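Residue-level listing of the chains:
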Amino acid sequence: MNLLSLSGNLLLTSFILYLISTGFFAVATSGKKGPSRSGKIAFSLALLGFVAQLGYFFTRWAGAGHVPVSNLYEYTTFFGMMMVLGFLIVYGIYRNNVLGLVAMPVALLVIAYASMFPDEVQPLIPALQSVWLKIHVTTAALGEGILAVSFATGLLYLIHATDFNKESKTRTWLEVVMFSLACVVGYIIVGLLFNALGTNSTIEYVAKNGATMQHDYTMPVLTGPENGKIISGSGAVVELPNFLNANKVNTVLWSLIGGLVFYILLRFVILRKRLAESLKPIARKIDLETADEISYRAIAIGLPVFILGGLIFAMIWAQMAWSRYWGWDPKEVWALITMLFYVFYLHMRIQRGWIGKKSAWLCVGGFAVIMFNLVFVNLVVAGLHSYA
Amino acid sequence: MMQQEYKQLDMRYEEAELRSKRKNQSWIDRTWTFFSSVKVGLWLIGLIIIASGVGTIFPQEMYIPQAIPPEEFYGKEYGTAGEIYYALGFHNLFESWWYIGLITLLLLSIIIVSIDRFFPLYRALKKQPVIQSDRFMGGQRFGAEATGTVKQIDAIEPLLKKKGYKVRRQDGSLLAEKQRFGRWGPYINHIGLVLFFGGAMLRIVPGMHEDELMWIREGETLPVEATDNKYYLENNSFNIEFYDPAKEPEKFREALKRAGGSVPKNYDTQMTLYKKTGMTDDFKPKLEKVKTGETAVNQPFEFGNYQVFQEQYAADPEFKTMSFNIENQKTGKVVDTIKVDLRNPQETYKLKNGYDVELKDFLPDFVVKDGKPTTNSSRPVNPAFVFTIKSPEHPKGERSLIGIKLNVGGDENQYKMGFAGTELSNISGVRIKKDLTLPFLFAGGMIFMIGLLLGMYWPHRRLWLKETNGQINIAGFTNKNALGLQKEVNLALTEVGLPQLEDRQKLREEGESK
Amino acid sequence: MKKTNQNPDERLAAAKQKKKKRSFWRLMIMTMVLFAGAVVIMQFVDQATRDKDGRVLAGDDAPGFALVDLYGEKQHTMDEYKGKGLLLNFWGTFCEPCKKEMPLINDNYDMMQKEGVNFAAVNVGETPVRVSSFIKEIGGTDYPVLMDTNSAVEKAYGIYNLPVTFIINKEGKVVEKYEGEIDQAKLEEMIKKANE
Numbered sequence: 161m162n163l164l165s166l167s168g169n170l171l172l173t174s175f176i177l178y179l180i181s182t183g184f185f186a187v188a189t190s191g192k193k194g195p196s197r198s199g200k201i202a203f204s205l206a207l208l209g210f211v212a213q214l215g216y217f218f219t220r221w222a223g224a225g226h227v228p229v230s231n232l233y234e235y236t237t238f239f240g241m242m243m244v245l246g247f248l249i250v251y252g253i254y255r256n257n258v259l260g261l262v263a264m265p266v267a268l269l270v271i272a273y274a275s276m277f278p279d280e281v282q283p284l285i286p287a288l289q290s291v292w293l294k295i296h297v298t299t300a301a302l303g304e305g306i307l308a309v310s311f312a313t314g315l316l317y318l319i320h321a322t323d324f325n326k327e328s329k330t331r332t333w334l335e336v337v338m339f340s341l342a343c344v345v346g347y348i349i350v351g352l353l354f355n356a357l358g359t360n361s362t363i364e365y366v367a368k369n370g371a372t373m374q375h376d377y378t379m380p381v382l383t384g385p386e387n388g389k390i391i392s393g394s395g396a397v398v399e400l401p402n403f404l405n406a407n408k409v410n411t412v413l414w415s416l417i418g419g420l421v422f423y424i425l426l427r428f429v430i431l432r433k434r435l436a437e438s439l440k441p442i443a444r445k446i447d448l449e450t451a452d453e454i455s456y457r458a459i460a461i462g463l464p465v466f467i468l469g470g471l472i473f474a475m476i477w478a479q480m481a482w483s484r485y486w487g488w489d490p491k492e493v494w495a496l497i498t499m500l501f502y503v504f505y506l507h508m509r510i511q512r513g514w515i516g517k518k519s520a521w522l523c524v525g526g527f528a529v530i531m532f533n534l535v536f537v538n539l540v541v542a543g544l545h546s547y548a
Numbered sequence: 006m007m008q009q010e011y012k013q014l015d016m017r018y019e020e021a022e023l024r025s026k027r028k029n030q031s032w033i034d035r036t037w038t039f040f041s042s043v044k045v046g047l048w049l050i051g052l053i054i055i056a057s058g059v060g061t062i063f064p065q066e067m068y069i070p071q072a073i074p075p076e077e078f079y080g081k082e083y084g085t086a087g088e089i090y091y092a093l094g095f096h097n098l099f100e101s102w103w104y105i106g107l108i109t110l111l112l113l114s115i116i117i118v119s120i121d122r123f124f125p126l127y128r129a130l131k132k133q134p135v136i137q138s139d140r141f142m143g144g145q146r147f148g149a150e151a152t153g154t155v156k157q158i159d160a161i162e163p164l165l166k167k168k169g170y171k172v173r174r175q176d177g178s179l180l181a182e183k184q185r186f187g188r189w190g191p192y193i194n195h196i197g198l199v200l201f202f203g204g205a206m207l208r209i210v211p212g213m214h215e216d217e218l219m220w221i222r223e224g225e226t227l228p229v230e231a232t233d234n235k236y237y238l239e240n241n242s243f244n245i246e247f248y249d250p251a252k253e254p255e256k257f258r259e260a261l262k263r264a265g266g267s268v269p270k271n272y273d274t275q276m277t278l279y280k281k282t283g284m285t286d287d288f289k290p291k292l293e294k295v296k297t298g299e300t301a302v303n304q305p306f307e308f309g310n311y312q313v314f315q316e317q318y319a320a321d322p323e324f325k326t327m328s329f330n331i332e333n334q335k336t337g338k339v340v341d342t343i344k345v346d347l348r349n350p351q352e353t354y355k356l357k358n359g360y361d362v363e364l365k366d367f368l369p370d371f372v373v374k375d376g377k378p379t380t381n382s383s384r385p386v387n388p389a390f391v392f393t394i395k396s397p398e399h400p401k402g403e404r405s406l407i408g409i410k411l412n413v414g415g416d417e418n419q420y421k422m423g424f425a426g427t428e429l430s431n432i433s434g435v436r437i438k439k440d441l442t443l444p445f446l447f448a449g450g451m452i453f454m455i456g457l458l459l460g461m462y463w464p465h466r467r468l469w470l471k472e473t474n475g476q477i478n479i480a481g482f483t484n485k486n487a488l489g490l491q492k493e494v495n496l497a498l499t500e501v502g503l504p505q506l507e508d509r510q511k512l513r514e515e516g517e518s519k
Numbered sequence: 016m017k018k019t020n021q022n023p024d025e026r027l028a029a030a031k032q033k034k035k036k037r038s039f040w041r042l043m044i045m046t047m048v049l050f051a052g053a054v055v056i057m058q059f060v061d062q063a064t065r066d067k068d069g070r071v072l073a074g075d076d077a078p079g080f081a082l083v084d085l086y087g088e089k090q091h092t093m094d095e096y097k098g099k100g101l102l103l104n105f106w107g108t109f110c111e112p113c114k115k116e117m118p119l120i121n122d123n124y125d126m127m128q129k130e131g132v133n134f135a136a137v138n139v140g141e142t143p144v145r146v147s148s149f150i151k152e153i154g155g156t157d158y159p160v161l162m163d164t165n166s167a168v169e170k171a172y173g174i175y176n177l178p179v180t181f182i183i184n185k186e187g188k189v190v191e192k193y194e195g196e197i198d199q200a201k202l203e204e205m206i207k208k209a210n211e
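Chains as they are written, first to last, in this note's numbering: chain Y, 161 to 548; chain Z, 6 to 519; chain S, 16 to 211.
Careful, some of the hints might be misleading.
What the hints assert, rightly or not - Keeping only pairs whose Cα atoms sit at most 25 Å apart, straight-line, the calculated PhoX-like set for lysine-lysine is:
(1) Z:K270 to Z:K252
(2) S:K33 to Z:K132
(3) Y:K408 to Z:K485
(4) Z:K325 to Z:K294
(5) Z:K235 to S:K170
(6) Z:K395 to S:K99
(7) Z:K492 to Y:K445
(8) Y:K294 to Z:K270
(9) Z:K167 to Z:K132
(10) Z:K81 to S:K67
(11) Z:K171 to Z:K132
(12) S:K129 to S:K207
(13) Y:K517 to Y:K200
(14) Z:K280 to Z:K296
(15) Z:K374 to S:K151
(16) S:K170 to Z:K131
(17) S:K129 to Z:K289
(18) Z:K485 to Y:K518
(19) Y:K517 to Z:K12
(20) S:K114 to Z:K365
(21) Z:K12 to Z:K325
(22) Z:K166 to Z:K294
Stated by the list, open to error - Stretch by stretch, here's where chain Y covers chain Z in the computed footprint (C-beta under 8 Å, at least three residues):
(23) 52 to 62
(24) 268 to 276
(25) 321 to 327
Said to hold, decoys possible - Pairwise CB distance ranges, derived in the manner of DEER restraints:
(26) Z:P504 to Y:G252: 24 to 34 Å
(27) S:M47 to Z:P504: 50 to 60 Å
(28) Z:F288 to S:A200: 46 to 56 Å
(29) S:R65 to Z:D233: 50 to 60 Å
(30) S:K99 to Z:K355: 53 to 63 Å
(31) Y:P278 to Z:N349: 24 to 34 Å
(32) Z:K12 to S:K34: 29 to 39 Å
(33) Z:Q505 to S:P23: 50 to 60 Å
Hints in this document: simulated from the structure, not taken from any laboratory.
In this text the structure is predicted, and so the values were computed from the model without any measurement.
Virtual Cβ for every residue (Gly too), placed ideally from N, Cα, C.
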């Protein structure tokens, strides 16, 4: 069998194993307190899934001839894998099943999100032909993966500590976080749906510099470029000024619509309560102390790894490839912001005594910064790192 | 059992008195005190985070197309928001006075905070008493009390030693300690940061940093300004290779199709380095070959403290030479062929059989202005030539103006210049770089990382045991990883029949929530 | 331990001394860091103006050069002009105002020399064929036309627009950088400035 198709199958296998593992974590937490049998099964399945994903990683490496972290599909998949690894490490220390029930779905979401990008292997451009590609990208992703664990525990802490019967800022903002997660799900569902329906459109327009450009839509066109000419498919409902990328805005709009539908369905039809509130029975199974401690440790372990990979190795490579170790490229700036944010967290915690709720919010915020760097900086701001 | 509840102590600096917390009078001390507050540092970090984020909304000045001046670019491209962005100076944020100012203040804060805290902490940790007061022990986060004897303390000593603790004894009491160096982590990483920024600053010292972008055509030898023109670089050849969808393995085909054509596979410049040894009599530099080599992306060409990076290349190659046939218009016979080097054209060309061609004028970027042929620039974009052909029949010469799709006066002449081919040359953009600050940055980065690891991965752990009148008082301390301390110490405590450490903070909070 | 047997006055004096010393070091540290920051800021401000207006500005030392004239006869260097004022002009045959100002300058060249001011016109990287054809066209110049064949001097002076003339005084310092066509009045002003 072809290495690349084997690799694809292994990824699918790992995805399914993660899914089942999540199920077992759910069973484990619904039972009595303490590590139960289903907890052990869940952990083993997650471990097995991780091994399968390692298999995906190395077979793809062999198949492509270079380390598979060179585009958005590969990087995001790898980031999901590192989140699982981060979780496995923390699980090894704390043996907490509730954590699995939140961390695994988030990792699954990230991997599913990755699958929305074109998945074919691509040859490397000269700038990427370096050993530092493996060193820098993998270390940075590992750091981010471990840091992401603090998001899971931070979220659990907040849900546990919030009284949903009283109106509060925490209650509102927790719903905002849940809605954002729903939008990721929305994006994936809408993307898969339109892919299956084959709703492709192409619109031609004249860019600022006078060149004729094309937008290739895979989703029905809501927003099109100014004075666009339909080449195929449907026309735009609204035309946007050209400094906005109408295609990207269109995708964001559809994700919001998908997310909204998904959210409304969950909130008013299926669960009939706030999404965060419906997680409360699960969150209550982890005591606040532990959640707080795990968040802190995940950051204490993950931050040095992230700084090493995302900043120090990055600077060494940038010096070699671009002749400058630092160039204020958006991706670089956001890596710096990520570091400063967690540095802020650590000092707030150690020096200013921010533990508990405030600290948990910072954990959620840190993950938002990481995701912003992964999603928005690549898709919207772009720059030298536009490949991944 | 528990006789008295003590207030939990703030152990960050071992209760040492921080200098900045003293009363002070002079403005120097007041400023110092201001910056010694971590709160101020955190405000600065917060501001830097926000500013940096805003700085990435639109591209920075250095990344915008050079053809459009920035004052027009932002408004044109991004509308009013872009104009505001430009007006507020965010287009060049990272070199703006206030961004650098924020970083300077943050550095000052880091230095002062570290000095203010390090010395008292160092002294306090250096002369720790073995026997601590009940207030001190009761004020620790972890602790326990039980009836017991000094024998139990004696018994636990080897167990703790086995776990890597350094143990001190006094009058039966015990202090076990490990990984104290972890406490220095923050100060070490702050030193690393200061060194890093100090190193980056050294750039402005003359001679520490040179940076020059050079465009060299194939076959051209140019002085390297960054070396004070002491060295010359010759571009022997520039090679670029694109991924060819037809030739690449099947697996890449889909991605290449999506990318839509020209994805570069590799580009490099073969170059020769010369050293100038003096001047020739006709005022040309005397060059001595030093070495030949290649520069490619990720593989700079090096000489001395300099590195030559392959950075860019011109999208379109330039005309290098043009050849012409001298033809007899009547017979169609070609007399001879000449080749004109467009960068440094010769004035006269001796041909066979007494024919001569003189190049009277060379217009690299031909245009007609006010009825006169002239040139628009010095780049050979649209070359035109004024030739005089001297033949036995026309010893004074026949004049003609030849260019691309242009032949003035050539038709009436007996001899004409016929276009016979052209050679192109690529232009390679290389960056010459010398940066003597890098070792400082590297050292700073390493020290920072070491400090960070010490602080994050090696928690300081201490255990006190004190016996008074058949009562044993136990206290534990760690600056990180509470679970780790409990796991490690509880085993030993149990083994000698003492109670395990309690997390008093947790008990207190649970008490409160009930 | 050492100081316990001192009397209270001595101890107070010692404490005061120590405090003074500490204040001194605090001031030193703060000043040094802030000064370093200020230097970096100044550097960037300076760089920003230079990026916009070229690399050599009024007040700078004129970068050295060694250029051969159009006929390959003589090499002219910055050093040989030192001790006298110099108007260093950059031009190209493709630049209309350059063409216009050349006869005017040529007419005034003798006068300039008498005033003790030199003039040199640096051609920006054109071929000798082109330049000599052009100089013939305008009937030759008395002042030297220097050939900056590989544009090294053009680069060192950071030339963006043509024509541009640097007024350089006896000490080799740039007094003014003038962009645009020179007329009689401007030329006389330049001579005066170069001699100051």
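For each hint, the structure was consulted:
1. Z:K270 to Z:K252: holds (12 Å)
2. S:K33 to Z:K132: Status holds; Cα separation ~22 Å.
3. Y:K408 to Z:K485: violated (45 Å)
4. Z:K325 to Z:K294: holds (24 Å)
5. Z:K235 to S:K170: Measuring from Cα to Cα gives roughly 16 Å; hence the hint holds.
6. Z:K395 to S:K99: violated (47 Å)
7. Z:K492 to Y:K445: holds (22 Å)
8. Y:K294 to Z:K270: Holds, at roughly 19 Å.
9. Z:K167 to Z:K132: Distance ~24 Å between K167 (chain Z) and K132 (chain Z) Cα, so the pair holds.
10. Z:K81 to S:K67: Since the Cα atoms of K81 (chain Z) and K67 (chain S) sit roughly 20 Å apart, the hinted pair holds (cutoff 25 Å).
11. Z:K171 to Z:K132: Since the Cα atoms of K171 (chain Z) and K132 (chain Z) sit roughly 15 Å apart, the hinted pair holds (cutoff 25 Å).
12. S:K129 to S:K207: holds (12 Å)
13. Y:K517 to Y:K200: violated (30 Å)
14. Z:K280 to Z:K296: Given pair K280 (chain Z), K296 (chain Z) holds - Cα atoms ~10 Å apart, limit 25 Å.
15. Z:K374 to S:K151: Since the Cα atoms of K374 (chain Z) and K151 (chain S) sit roughly 18 Å apart, the hinted pair holds (cutoff 25 Å).
16. S:K170 to Z:K131: Answer violated: K170 (chain S) to K131 (chain Z) is near 61 Å, above 25 Å.
17. S:K129 to Z:K289: Violated, because 32 Å separates the two Cα atoms, which is more than 25 Å.
18. Z:K485 to Y:K518: Status holds; Cα separation ~19 Å.
19. Y:K517 to Z:K12: holds (23 Å)
20. S:K114 to Z:K365: Holds. K114 (chain S) to K365 (chain Z) sits at ~19 Å (cutoff 25 Å).
21. Z:K12 to Z:K325: Between K12 (chain Z) and K325 (chain Z) the Cα gap is close to 85 Å, so the pair fails against 25 Å, i.e. violated.
22. Z:K166 to Z:K294: violated (66 Å)
23. 52 to 62: holds (count 7)
24. 268 to 276: holds (count 5)
25. 321 to 327: violated (count 0)
26. Z:P504 to Y:G252: 24 to 34 Å: Holds: the Cβ-Cβ distance is about 28 Å, inside 24 to 34 Å.
27. S:M47 to Z:P504: 50 to 60 Å: At roughly 54 Å between Cβ atoms, P504 (chain Z) and M47 (chain S) fall inside 50 to 60 Å, so the hint holds.
28. Z:F288 to S:A200: 46 to 56 Å: violated (36 Å)
29. S:R65 to Z:D233: 50 to 60 Å: violated (19 Å)
30. S:K99 to Z:K355: 53 to 63 Å: Since K99 (chain S) and K355 (chain Z) have Cβ atoms about 44 Å apart, the given range 53 to 63 Å is violated.
31. Y:P278 to Z:N349: 24 to 34 Å: violated (50 Å)
32. Z:K12 to S:K34: 29 to 39 Å: Distance hint for K12 (chain Z), K34 (chain S) holds at roughly 32 Å.
33. Z:Q505 to S:P23: 50 to 60 Å: Taking Cβ atoms as reference, Q505 (chain Z) and P23 (chain S) lie about 51 Å apart, which means the hint holds.
Of the numbered hints given earlier, the model fails hints 3, 6, 13, 16, 17, 21, 22, 25, 28, 29, 30 and 31; all others are met.
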